[in-house]
Amino acid sequence: MPDVILKNLPFLLKGLWTTVELTLWTIIFGTILGAVLGTARFVRIPVLGVLSTVFVEFIRGTPLLVVLLMTYFALPALLGYKASAYGAALLGFVLFIGAYIAEDFRSGLRSVRPSLIQAALATGLTRWQVLRFIIVPQAIRSTIPSVFNQYVRLLKFTSVASIIGVTELTGAALLVNARDFHPVTLLATVAVTYLVLCYALSLVGRALYARLVVKT
Amino acid sequence: MSDAPTIQIRDLHKSYGVTPVLRGCSMNVSRGEVVVVCGPSGSGKSTLIKCVNGLEPYQSGSIKVEGIEVGAKETNLPQLRARIGMVFQHFELYPHMSVLDNIALAQVHVLKRPRREANERAQQLLARVGLADKHAAMPVDLSGGQQQRVAIARALALDPQAILFDEPTSALDPEMIHEVLQVMSELAKDGMTMVVVSHEMGFARRVADRVVFMDAGKIVEDASSGEFFSTPRTPRAAEFLSKILSH
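Line by line, the protein sequences give chains A and B. Counting from 1, one number per residue, gives the positions in the first sequence under the numbering used here. Counting from 217, one number per residue, gives the positions in the second sequence under the numbering used here.
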């Protein structure tokens with residue numbers, strides 16, 4: 001292992017851990033947000049359905065960096081609270097990825113055949129029961145590939161958090177580079193690390209899909 | 217109450233936008249009666265029976281199921297639907313659930329039966345449709361005929377007052393049609409009230425008490441099965457019969 005990596009290993013590993021942690025928390029909260037927003041749009045819940053549409057379109061038309069700058073500078077100024085870089089990044093990522101997952105989940109919900117929904121209604125189940133027992137379980141299964149695709153994008157996006165001062169993997173490497181100046185080694189190491197993490201994440205997605213996929 | 221028809225349809229009108237689908241249909245189905253509804257495609261047969269359990273809304277007229285007006289705002293549709301089973305052309309089993317869970321789901325969540333009781337009932341019904349060993353199978357692993365028999369068991373599990381069949385055999389291979397019609401004939405023999413949209417004229421002749429013939433959104437003929445096949449009253453029905461029976 002090159003000296004510059006060895007010498008700074010604890011610091012870089014801490015950055016890696018921050019990346020992983022940020023990704024995992026965002027996956028959890030972003031997925032919940034996406035599922036709620038996607039469902040609200042699908043069943044056209046009054047007010048909430050319209051709000052989710054506006055939110056999703058807004059986020060999809062805004063660069064990630066701008067979202068992070070908003071959660072770091074604009075929101076705290078507007079609402080009068082003090083944001084940590086990490087908290088602002090987490091919030092920004094959750095909002096950003098949640099909007100995309102909402103769209104994926106909504107298309108998953110819509111992919112359930114109307115005639116199957118009719119058949120479930122015909123047994124006396126209420127609309128909410130049909131949503132819960134028939135539509136959502138199938139939507140979750142069919143959405144796994146696209147949602148994991150979002151997770152992989154997210155993992156790479158977390159590097160943007162370095163710009164607002166979060167010392168995750170990229171941020172840590174940039175700090176080391178500023179002191180020791182080994183850009184090729186450092187950035188190559190960072191790139192390979194992301195590659196390995198992304199590949200592992202997509203393997204999890206594939207395994208999950210293979211287990212849960214509904215054959216029809 | 218017991219003399220009132222199980223299903224009573226009066227002057228039913230329905231349209232999709234400006235296209236009329238049902239243009240003043242009236243008919244009764246009494247308890248224990250088996251009625252086959254036939255007619256050319258697009259004549260409104262499926263729409264008619266989907267109006268009966270409120271899957272399709274209608275614009276005017278009236279449908280009463282055991283005296284309860286289907287289209288009334290205060291009608292609890294889920295409750296009403298639980299009393300009328302329905303079997304679909306493409307089976308519509310829940311693909312992510314086992315055969316047993318398909319049959320138990322509404323028992324548990326609509327009738328509030330304890331899970332164990334629901335499973336027992338499901339198992340009984342599977343035996344009745346000749347699929348006792350398939351309880352753990354997933355729908356995709358069954359043939360079309362087997363899936364349709366499970367769908368019939370699913371409808372029966374709610375102890376319905378009547379069952380609606382929407383072209384139950386038209387998506388099946390010829391050799392599977394028989395096994396499904398067999399189950400349906402047994403149901404009829406047991407006294408189940410049935411409304412069957414079907415082109416199975418053999419079944420209509422053997423099993424149905426009455427045949428209703430529809431054309432262009434109207435009930436053109438409503439006769440006892442014997443009468444319908446021997447002396448159709450309208451030229452349109454006679455023409456339909458000669459076409460469908462000639463091959």
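No wet-lab data here; the hints were simulated from the structure. Hints are supplied without guarantee of correctness; some may be wrong.
Which residues of chain B face chain A? A few of them, derived with a C-beta cut under 8 Å, are [said to hold, decoys possible]: (1) M302; (2) S314; (3) A322; (4) V356; (5) G360; (6) F445.
Cβ atoms here follow ideal geometry from the backbone N, Cα and C, with glycine treated the same way.
Results of checking the hints against the structure:
1. Taking 8 Å as the C-beta contact cut-off toward chain A, the hint placing M302/B at the interface holds, the least distance being around 4 Å.
2. Because the closest C-beta pair between S314/B and chain A is about 12 Å apart, greater than 8 Å, the hint is violated.
3. A distance limit of 8 Å between C-beta atoms decides the matter here; for A322/B the minimum to chain A is near 4 Å, and the interface restraint holds.
4. With 8 Å as the threshold, the beta carbon of V356/B comes within range of chain A, its nearest partner Cβ sitting at about 4 Å, so the hint holds.
5. Annotation: interface hint on G360/B violated; nearest CB of chain A at approximately 13 Å, more than 8 Å.
6. Hint on F445/B is violated. Least Cβ distance to chain A is approximately 31 Å, over the 8 Å limit.
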